[in-house]
Amino acid sequence: MKRKLISTLLCVTMAACMMTACTGKGEKQDNAANEKTSAAESTNGTETNTPEEVTGEKQILKVAALEGGYGGEMWEEIAKAFEEIHPEVKVELTVDKKIEDVISPAMKAGDYPDVVHCATGREAGLTETLTKEKGLLALTDVMDMRIPGEEQIVKDKILPGFLDTLGTNPYNDGVTYYAPMFYSPCGLFYNAGLLKEKGWSVPATWDEMWELGDKAKAEGISLFTYPTPGYFDAFLFAALESSGGVELFNKAMTYEDGIWETPEATAVFELIGKLADYTEPTTVANANNDNFTKNQQLILDNKAIFCPNGTWLPGEMADAPKSDGFEWGFTAVPAVAADAKPSSYTFFEQMWIPAEAKNQEMAKEFAAFMYSDKAAGIFANANAVQPIKGVSDSLNAENQLYYTIYDGDAAVAVMGGFAATTPVEGVSMTDSLFNKVNSVMSGDVTVEEWQSGVEATSDLLREAME
Amino acid sequence: MKHSKGRGAFIAVCVLPAVILFVIFMLIPTVNVFQMSLYKWGGYSNNKEFVGLRNFMILFQDDKFYRAFQNSILLIVLVTIFTLTFALIFAAVLSREKIKGQNFFRIAFYIPNILSVVVISAIFSAIYDPGNGLLNSILAIFRGKDASPILWLGDQKIVIYSLIIAMIWQAIGYYMVMYLASMSGIPESLYESANLEGAGKIRQFFEITLPLIWTNIRITLTFFIISSINMSFLLVKAMTNGGPDGATEVFLSYMYGQAYTNSSYGYGMAIGVVVFLFSFGLSALVNLATRRETLEF
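Protein sequences, first through last, are from chains Y and B. Using the working numbering, read the first sequence as starting at 1 and increasing by one per residue. Using the working numbering, read the second sequence as starting at 1001 and increasing by one per residue.
Below 30 Å or equal to it, Euclidean Cα-Cα: the simulated DSSO-like pairs (lysine-lysine) are:
{"no.": "1", "chain 1": "B", "residue 1": "Lys1157", "chain 2": "Y", "residue 2": "Lys303"}
{"no.": "2", "chain 1": "Y", "residue 1": "Lys322", "chain 2": "B", "residue 2": "Lys1145"}
{"no.": "3", "chain 1": "B", "residue 1": "Lys1157", "chain 2": "Y", "residue 2": "Lys217"}
Here's a subset of chain Y near chain B, in silico, CB distances under 7 Å, partners left out:
{"no.": "4", "residue": "Glu123"}
{"no.": "5", "residue": "Ala124"}
{"no.": "6", "residue": "Gly125"}
{"no.": "7", "residue": "Gly135"}
{"no.": "8", "residue": "Thr282"}
{"no.": "9", "residue": "Ala285"}
{"no.": "10", "residue": "Asn288"}
{"no.": "11", "residue": "Asn291"}
{"no.": "12", "residue": "Pro423"}
{"no.": "13", "residue": "Glu425"}
{"no.": "14", "residue": "Ser428"}
{"no.": "15", "residue": "Asn435"}
{"no.": "16", "residue": "Asn438"}
{"no.": "17", "residue": "Ser439"}
{"no.": "18", "residue": "Asp444"}
Quick caveat, the hints were computed from the structure, so don't treat them as lab data. Yeah, the Cβ is synthetic: ideal placement off N, Cα and C, and Gly gets one too.
Starting from the given sequences, assemble the full structure and let the hints guide the process.
And the structure:
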C-alpha cells in the first residue's frame, strides 16, 4: 500500500512537472510576444518582424529575399520605402544567405511568403522546383502595371530583351513568371596589368587566343582556368550564341532534337576540348566549393590569364594578395563562328510570387515597385544593378567597365537558361553539360562522349517538357 | 494480482514520454519516407502523383546511383578496416604499455573527433593542395621538384581515397577511446598469468584482449556503418561536393542532389529507402557474422 502511494505520488509529481514546463514555456512566449508588440508600437512600425495580431488592420506582406553579394541592408530600406507609399501595409522581411532553408519548412506546411527574391541556378533549387511544380504566379499583368508613385508602365522601363527570354518566361510560352532583378554581365576576367607588361593584346578571336596561349605557355603561364564547372553555363551559352546565333541558343535551351549534334554545337564542344590543353593543370583539383578561390587566385598570381566569371569577382577577391601592377580586365567571350561578334551571357536574379501567396495583389504591387526610381536608387547604392534604362549610368567607374561591355554593339548579350520541364529523376543538364567539363579537362571523358551524353540528356528532358 | 497491475501502470506512465517522442520523431518520419518514395513530387506543391514503384525502377537503372553506391561501399569497407585496426593497436599500446606522454597521445588522437567537419575539410584541403600542400611538398623530395603535381582532389581515380584518409584520421580517436575503456576493464591478473605461462605480447592481445572486448567491437562495427554513411555526406558536401564529375558522390549526397537540386523529392526518398534498408541489412549481417559466445571475466 505504501509502495503504491509512493508510485502514485511520483506519477503526479512527474505529470505536474510536465504541465508546469509546458505552461511555463507558453507564458514565456506570450511575454516575448507582448514585449515585441510594445517595442514595435513605440518605434512606430520600424520593427519588421512584428506578430500579426499587433498591426491590427494593417495588411502584412511577407517578403523573402536572398542576401547575396550585395548585402542585406538594402532590403530593409526597400521595405521602409514601400511602407511609405503604402501606409496600410506592413512588410515582414526575411533576408538570409540561405533563404531556401529559412522559408521552405514553412512553405511545406502551406505558409508561403508573398514575394520571393531568389535566383535560379542555386544548389537548393527552390526556384526551379516551384517552376517545375507549376507553383508560380504569372506576372504578365505586373509588367503592364503602373509603377507605384510614377507614371510609367513597368515593362516600358525594363531594358529591351530582358522580358523575352527563358530567364523570365521559363515555360517558353510568352508568359512572364520571373521579374528580372539585378543583372551582371559574365565574361572572361584577366589581369590587364600582366598583358600590358608583356605587350600582349586582348585576343578578339579564338585563333588569337590559341596564339596567346602558346606564347604564354613558353613563359610558364597557362591561358585559362575556371572556378568550378558550374561557371561554364555563362561561358557555354555565350559560345553557343556566337557559334550558331540566338536561334541555336534558343533551340538548345528548349531541347530541340539533335541540336547538340549540329556542326555549330560541335564547334563549341571541340572548342572546350581544345581549351583543356591550355587550362592550368591544377584547376580541376581546386574546382570545388572549398577551393575554387584558389583557381581565381591563379589570375591574381599571374599563373593563368583568363577566368570565366561574373562582376562579383573583384569584390570576392578584394582582400586577396595580388601581383604587382595588377589591374582587373574584362572581355566578352570571343566568337566561335568566323563572322560572328563576341558574346557575353547576362546573368540576372529573379523575383517571383508563389501561386499560394495570400496577398497576391499587394505582392504584385511590391514587384512593380522594384522598378521605381526610388527602389532602383537604393539597390544601385549597394551596387545591385537592375535592368532599368539609365541605371548603369549612375555606377562608379570600376563597375561601368563591366556594364559597358555591350556598348556600341561590341558584344552580343545572351540571356536565359534551360526551359523548365517536369523533373526527370536522375537526369540534369547541370550534370551532363557542366559538371562533365571537369572530366573533359582531366581527360577522363572524350569530347565525343561528352557531346553524346548531353544529347541523350536533352532527349530525356524534351520528353518531360509540356 | 492487484500489485502487478499497479506496477504495470507505473511502468507504462514512465515509458510513455519516450514512446511518444519515438513515435513522433522516429517512426512517423520513417514511415513518411517510405510512403513518399512511391510518389512523383517536387517537395512543395499539392500535386503529388502516385507512381508506385516507378522511382525504384528508375533507380536500379541509374548509373550515377550505382557509382554513389560503389563509392559508399568502398568507403564503409576501407574506413572500417583501417580505423578498426589502427584504433585497436593504439588502444592496446596506450592501455598495456608504459610509454612517456601517454595522456598526451590520448588527447592528441581524440582531438580530430571534436573538430567540426568544415574544419577537417579545410585542413585536408590544405594538405591536398596541388601547388604548395603538405603532401605534394613532401613527395617532391622523392619525385623531384619538376614532377607534375599529384591532384589529390582532382584525379578521379585518387579522390575517393583522399576522402577515405580524412575520414580515418577523423574517426580513429573516437573508437580508440571506446576500446581503451573496455580494455582497462580486463583484470590485470589474466595478463600476469599469461606472462608466467610465457605468452608474448602479441599472443596476449589476440588470446586475451580481443576476445574480452569482442562485444564492444561488435557494437562499434554497427557504428562504423552508420557513421561512415553520415560522415561521408558531410565531408563530401564540404570538400568536393561530389566532384570532380560525380567521382566522390556518395549515398546521401546523391540523395540530396536529387531531392532538392533536381527537384525530384520522391526519387530522393526512394534513395533514402534503399540506404535505410541497406544499412539495416548490413548491420544485421555484420552482427550475425560476428556472433560469438560472450566471454566474461
